[in-house]
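Undergrad: Need the complex rebuilt from these two chains, each delivered in its own frame; the hints are there to steer you.
So the sequences go chain by chain: V and P.
Residue numbers for the first sequence follow this note's numbering, so the first one is -17 and each next one is one higher.
Residue numbers for the second sequence follow this note's numbering, so the first one is 41 and each next one is one higher.
Hints in this document: simulated from the structure, not taken from any laboratory.
None of these values were measured; they are calculated from a predicted model.
Incorrect hints may have been included.
To be verified - Cross-link-like lysine-lysine pairs, in silico, DSS-like; alpha carbons within 27 Å at most:
#1 V:Lys361 / V:Lys186
#2 P:Lys113 / P:Lys177
#3 V:Lys169 / V:Lys188
#4 V:Lys186 / P:Lys158
#5 V:Lys119 / P:Lys119
#6 V:Lys186 / P:Lys137
#7 P:Lys119 / V:Lys169
#8 P:Lys137 / V:Lys188
#9 P:Lys158 / P:Lys137
#10 V:Lys186 / V:Lys364
#11 V:Lys491 / V:Lys521
#12 V:Lys119 / V:Lys186
#13 P:Lys158 / V:Lys169
#14 V:Lys119 / P:Lys113
#15 V:Lys515 / V:Lys491
#16 V:Lys169 / V:Lys186
#17 V:Lys296 / V:Lys335
#18 V:Lys335 / V:Lys186
#19 V:Lys361 / V:Lys491
#20 P:Lys177 / P:Lys158
#21 V:Lys296 / V:Lys186
#22 P:Lys113 / V:Lys188
Unchecked claim - One side only, chain V facing chain P, incomplete, derived with CB under 10 Å:
#23 His170
#24 Arg304
#25 Ile307
Said to hold, decoys possible - Which chain V residues stay away from chain P? Per the calculated CB distances, all over 10 Å, these:
#26 Ile(-4)
#27 Arg125
#28 Lys169
#29 Thr172
#30 Ala225
#31 Glu338
#32 Ala367
Backbone N, C-alpha and C fix where the C-beta goes; we use that ideal spot for every residue, glycine too.
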Amino acid sequence: MKLSGAEILIECLIEQQVETIFGFPGGAVLPIYDALYARSDRISHVLTAHEQHAGHAADGYARRTGRTGVCLATSGPGATNLVTAIATAYMDSSPVVFITGNVPQSLMGTDSFQEADISGMTMPVTKHNYLVHSVEKLASTLREAFFIAASGRPGPVLVDIPKDVQVAETEYVPLSGDALIPPLSAKHPTVQLRPSGEALERYKTKAQPRLEKAAQLIAEAHRPLIYCGGGVILSGAEAELLALAERVDAPVVSSLMGLGAVPATNPRMLGMLGMHGTHAANIAMQRCDLLIAVGVRFSDRALGKAAAFAPSAKVLHIDIDRAEINKNVTTTLHITGDARLVLELLLSRVSRKHHELWMQQACGMAEDYLTDSLFEPRKILKTIAATAPDITVATDVGQHQMWTAQHFPFIHPRQLITSGGLGTMGYGLGSAMGAAAGDPEGNPVVLITGDGSFRMNLTELSTIQHYGFPVIVVIFNNGTLGMVRQWQTLFYGHRYSQTTLDRGPDFVKLADAYGIEGTRVSDLAAFAEAFAKAVRERKPCIIECMLDIDEMVAPMVAPGSPIDAFCLN
Amino acid sequence: MTDTAALRHYTVGVLVANEPGVLSRVSGLFSRRGFNIESLAVGPTQDRTISRITLVVNGDEAHIEQLVQQLYKLISVQKVQVFSRETAVERQLVMVKVAADAQQREGIMRLADVFRAKVLDVSRSTMILQITGDADKVTALLELLSDYGILEMVQTGAVALERGETFMSSDLFD
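The shape of chain P in the complex, shown without the other chains (with noise of 0.2 Å):
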């Protein structure tokens, strides 16, 4: 069923009631039907009966029509989404703790500006970078400071909406 060819990231948005265990149904579902999880962020909504879990999955078309499939049989999850880079817009956050001595640090400062990212701390020896920005734009800022060495990293799942008027309700069904 799987052409490698045709494997490519998706960015799944899912609303599910925000209830104990509702995130170990979901996990659990992607662990046992062997779907390939990227990332994964959740988080309340305006609706504090609701919580929006973004996922980045990694498949084919089929799969994901599978994966949608079945996320609508958790009980628990009220619509679930699959954008397009189109259509919506992408964020992830990562901060980067970057060796970086006096005669770096220009360099890095230089960079840093050229992604928009922000610097959080720095010492002697070390700077803490923030990136917020789609997975390409983080993937080359990172590339670019590994010549610097990277010394700790942390990332969060990226998160995302549909640009323009749309959105996604929990009305789905009626």
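Isolated chain V (complex conformation) (with noise of 0.2 Å):
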């Protein structure tokens, strides 16, 4: 049948079994907007009030629900404002399809109204983008985004489609199944599906060598160690890592995308490593004799000083992307894979060991940071946890997201819903409303956020209000940039340079504004009413506690230093 550029782009979203999608219209989608309008029986369109919180909302929506979000925006500033959301979705390995319009293709290139070359600008921060010369290729175009989105390492792919391409008819047929994979994933390495017949043994033959010495690492090590990262809950590893953890008695620590794949209620888990790691994890790291890293890219904020970072550890590391080997940390031995398939070959291989001494010392580290202030991060965190255990939770950046790393129990994948790479205030509510789009049940999503990062994205207020999302928006209210407070606080003399947020707005006057209800709280009895209470009801609220400006994160290890140098307890 012949239809349209922008039909066919409406066909393709529901060939790829898309459901929901964020965005906001404009001039250079008319078109698609038109072809939805058509189809909105098959695909609903959440609007929010700025793109940037689109591209959060398909981003947070791709965490939670381990399916491609998409995002639809239209050209110049609606495609510039998604850049942001693109960036962390890219940092993260979440997979979303950024699809925009644009100028038709006889205005390109005379600087027309609303025209930028989106595409050139989110070259850097996409896996990979196009820009859709003609309407005969766009399904196939469409079908390799998506394909590329969600195979290897996840990451976003931006499609750009200028109007007269939405506006030109062609042939369309529809696919379905095997038939939507492109012909590219053959060919390429890095866009590979978790291998399967053949290609697995194939798989299995060339790995073969180094799934054996692994094995040799294991068995001879004494102080095994597991660091767990978000390639573990990108490929659905998490039993595979405890069975490991558990065949070689190691502990394991977790960066932070990894939380949640081993639940923090297991006496191996040693929490969060890193510049505000737990004492236990990084002490751990610095004494293991041998690290299994496990989807993970080794960040600066996890490493501290790379040169003194597990000083006396052979590393073996797993992981998809062939590239993060030997990126910022020299390995001994890798297994280039899919975290769940390299895990579940490397058990066959693997004998029990025990490791009790080592178990003890390492376990032994756990400890108790509750401060004397009244009303104070943890003890919210806490109240929250013991209310709703397995509540999603969703955080924007800054002391707020660090607090609840450390103090929030996550007990499964997929529970915390945060911008580890990019570190992108104003990404919370976004993200949250994405996430509770994601749930057909309706569960309540909680956004711990600070003041700072609020004051970002609450204009989505609005979004969740209109499409009742059951968004809990706690804010951490300290008056202050808490997170660059601190380090003005420790590393610039106390010299307070524009942190201090002393301006509103009244938050609960906000809540009242958008029409949702807003509580102010200044001691945990109040706290853990409100949120009780917005826990039933299953409705988009705020709920600001007012904390202590001085407040801060500990532990914390100063960038540049060896992990197990704290500088704050």
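TA: Laid out in structure tokens, this is it:
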């Protein structure tokens, strides 16, 4: 059947079983929105207040559901507003397809109204991107885009479609199942599917020598430690990772992105590693003699001083992205591949070990960070966890994010949605509504945010109100850009340059203006009551927690120091 | 990570899809990852759907490993190969405009002869020479010509092909 480019786009989304997209209309995507109107029975569209947050929402949706998120925006400023969202998804390997309209090709290159070279601009922050020149290529391009976004190490892909391509017509043949897999999958190393059949046998043969060497390293180790990253969650390797930890009798530390892969309640789990890692995690890292790193990229925030990182350890690195091997840390041995598959193959070669003394040393360092101040972050987080232990938690970026990573006991994968790599303030509300939109049961999502971060995205309150997304916004209001202030306290002689937020808005009045409930609390009992009510009611709301301006994130390791050299305890 | 003593030139061949923007993708990767490109040459191949880029980069072994792996992450890149001096032939082309009056002309032509450079143009006070060769040969001739005064020069990036019966193909991943 003959369809317009815009109609083909919508049909391709249906082919990919896309149910929800996030976006904002404009001149260069009018044909697409018109085609969407006709198919609104199949695809629901969430209209945000700003394209950036539509991008974060598609990202949050992807992280929560494990399915590819989709975001739609117009040309020029609509497209450039996506850049932060694209870069955020890129740094954290989140599969999102971004679709932008562009001016007609006849106007391209003439600096026409709302023209921007978005494919040029986003090259460094996408896995791949496209400018579609002809309607005949549109369907195959979109199929490729979805495939690239989700395969191998996932990531964002942008498809820029000029308006004339949206309007032009061509023959469209619907495809499904394996027919949707583009030919490039066979040719390109970074967009492979998890191998099966013959490809699996080939992979096994190729990986065998490395798997045997890995098993030998494990057999020889006395103080093995497993370092679990976001790749474990992306590949669904949580069970295999835990099985390996038990078989090898090793403790586990996690990157920020890996939190939830191993439940915080498991005694092997020492918590997060790095600048704001736990004592137990950081010290175990410095003492281990074999580091089994799975699905991690050795971020500088996790490593501290790279040259002093895990000084006595041999490093076994398992990752799907070959370019991560030997990038930040020199490895003893690496195995490239899907984490679940590699761990599965490795488990069959590893025999049971016992490291009682090492386990005692490593796990005996768990400590209590409770401070004396009456109403403080850890207590709030514990209260949230006690009321709703499996609630999805989104965060913004700053002190509240690190407190959440340290003190909220994540018990399942995809429970934490946070901007790890890019550290995007303003990520939270968009990602939280994306996570909420991805849950057909309408379970509440809690957004832990700070007063600084929240001011960057609060415009989306209208969106959560309109769609009734059950996002409980918990604002840690300390009247400052807390993390920057903390660094100013520690490293800049208490000179609080431009970090004090002695200004509005009144968040309770703001909630009222947006038609949702707002509560200000200054003690734990009031917080517990407000939060329990919010969980019960499953409605969007704001709970503003008034905190001390000088509350700090501890422990802390100064940047560039070895990770056991704590500057704050 | 970088030991300056271990830095050397590497010549890297890259087969890429012949499509708009591919050169930006490759060169953008170099600048944002901090790789130091000495030269870059690009052109179509016998297969019109594939272009071949030759890069000369300065780095140590770890840099080059990273560079190859990062290149492979680009969807447009189909094959990457690092060439060694021993197994590949490498050429670049330079055109030099030298100050040359009637007396100097003959000396310059003798030099050109020794280096198998070609004289492309002669005027009353200038000559244009064309030199092809590897980097060492080019540098040596330029050094000698500088005695006469180099007025202007232009050079291509190096291109390289592996000797013998092996060749780069895009079927690596079968």
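Undergrad: Would you mind marking each hint as holding or not holding in the structure?
TA: Hint by hint, here is what the structure shows:
Taken as a hint, the Lys361 (chain V) and Lys186 (chain V) pair is broken in the structure, with Cα atoms around 48 Å apart against an allowance of 27 Å. Simply put, Lys113 (chain P) and Lys177 (chain P) have alpha-carbon atoms about 35 Å apart, too far for the 27 Å limit, and the pair is violated. Distance hint between Lys169 (chain V) and Lys188 (chain V) is fulfilled; the C-alpha atoms sit about 17 Å from each other, no more than 27 Å. The suggested pairing of Lys186 (chain V) with Lys158 (chain P) is violated, with an alpha-carbon distance near 56 Å, which exceeds 27 Å.
For the hint pairing Lys119 (chain V) with Lys119 (chain P), the CA-to-CA distance comes to about 24 Å; that is within 27 Å, so the pair holds. Proposed proximity of Lys186 (chain V) and Lys137 (chain P) is contradicted: the alpha carbons are some 60 Å apart, above 27 Å. Between Lys119 (chain P) and Lys169 (chain V) the alpha-carbon distance is near 10 Å, which keeps this suggested pair within the 27 Å criterion. Between the alpha carbons of Lys137 (chain P) and Lys188 (chain V) the distance comes to roughly 55 Å, so the proposed pair goes past 27 Å and is violated.
Taken as a hint, the Lys158 (chain P) and Lys137 (chain P) pair is honoured in the structure, with Cα atoms around 12 Å apart against an allowance of 27 Å. Proximity of Lys186 (chain V) to Lys364 (chain V) is assessed by CA-CA distance (about 45 Å); at most 27 Å being required, the pair is judged violated. For the proposed pair Lys491 (chain V) and Lys521 (chain V), the alpha carbon gap of about 17 Å is at most 27 Å, so the pair holds. Distance hint between Lys119 (chain V) and Lys186 (chain V) is unfulfilled; the C-alpha atoms sit about 36 Å from each other, more than 27 Å.
Restraint check for Lys158 (chain P) and Lys169 (chain V): the C-alpha separation of about 44 Å exceeds 27 Å, so the hint is violated. Of the supplied pair hints, the one linking Lys119 (chain V) and Lys113 (chain P) holds, its CA atoms being roughly 23 Å apart against a limit of 27 Å. In summary, the hint linking Lys515 (chain V) to Lys491 (chain V) is supported, as the alpha carbons are separated by about 19 Å, within the 27 Å threshold. This hinted pair checks out: Lys169 (chain V) and Lys186 (chain V) have alpha carbons roughly 19 Å apart, not beyond 27 Å.
With a C-alpha separation of about 18 Å, the suggested pair Lys296 (chain V) and Lys335 (chain V) falls inside the 27 Å cut-off, and the hint holds. Distance restraint check for Lys335 (chain V) and Lys186 (chain V): the Cα-Cα separation of roughly 24 Å lies within the 27 Å cut-off, and the hinted pair is therefore satisfied. A hinted pair counts as satisfied when its Cα atoms are at most 27 Å apart, and Lys361 (chain V) with Lys491 (chain V) qualifies at roughly 26 Å. A threshold of 27 Å between alpha carbons decides the hint, and for Lys177 (chain P) with Lys158 (chain P) the separation of about 14 Å falls inside it, so the pair holds.
Between Lys296 (chain V) and Lys186 (chain V) the alpha-carbon distance is near 24 Å, which keeps this suggested pair within the 27 Å criterion. With a C-alpha separation of about 21 Å, the suggested pair Lys113 (chain P) and Lys188 (chain V) falls inside the 27 Å cut-off, and the hint holds. Satisfaction of the interface hint for His170 (chain V) is found here, the shortest Cβ-Cβ separation to chain P being roughly 6 Å, below the 10 Å cut-off. Taken as an interface hint, Arg304 (chain V) checks out: its beta carbon lies about 5 Å from the nearest beta carbon of chain P, inside 10 Å.
With a least beta-carbon distance of about 7 Å to chain P, the hint placing Ile307 (chain V) at the interface is held under the 10 Å criterion. The claim that Ile(-4) (chain V) is not at the interface with chain P holds, since no C-beta of that chain comes within 10 Å of its own (minimum 25 Å). Taking the minimum C-beta to C-beta distance to chain P, about 14 Å, the non-interface status of Arg125 (chain V) holds against the 10 Å cut. For Lys169 (chain V), the non-interface assignment is contradicted: its Cβ lies about 5 Å from the closest Cβ of chain P, within the 10 Å cut-off.
A beta-carbon of chain P comes within 10 Å of the beta-carbon of Thr172 (chain V); the shortest separation is about 5 Å. Non-interface call for Ala225 (chain V) relative to chain P: holds, since the shortest CB-CB distance, roughly 30 Å, exceeds 10 Å. Every Cβ of chain P is farther than 10 Å from the Cβ of Glu338 (chain V); the closest lies at roughly 38 Å, confirming the non-interface assignment. The beta carbon of Ala367 (chain V) sits about 38 Å from the closest Cβ of chain P, which is more than 10 Å, so the claim that it is off the interface holds.
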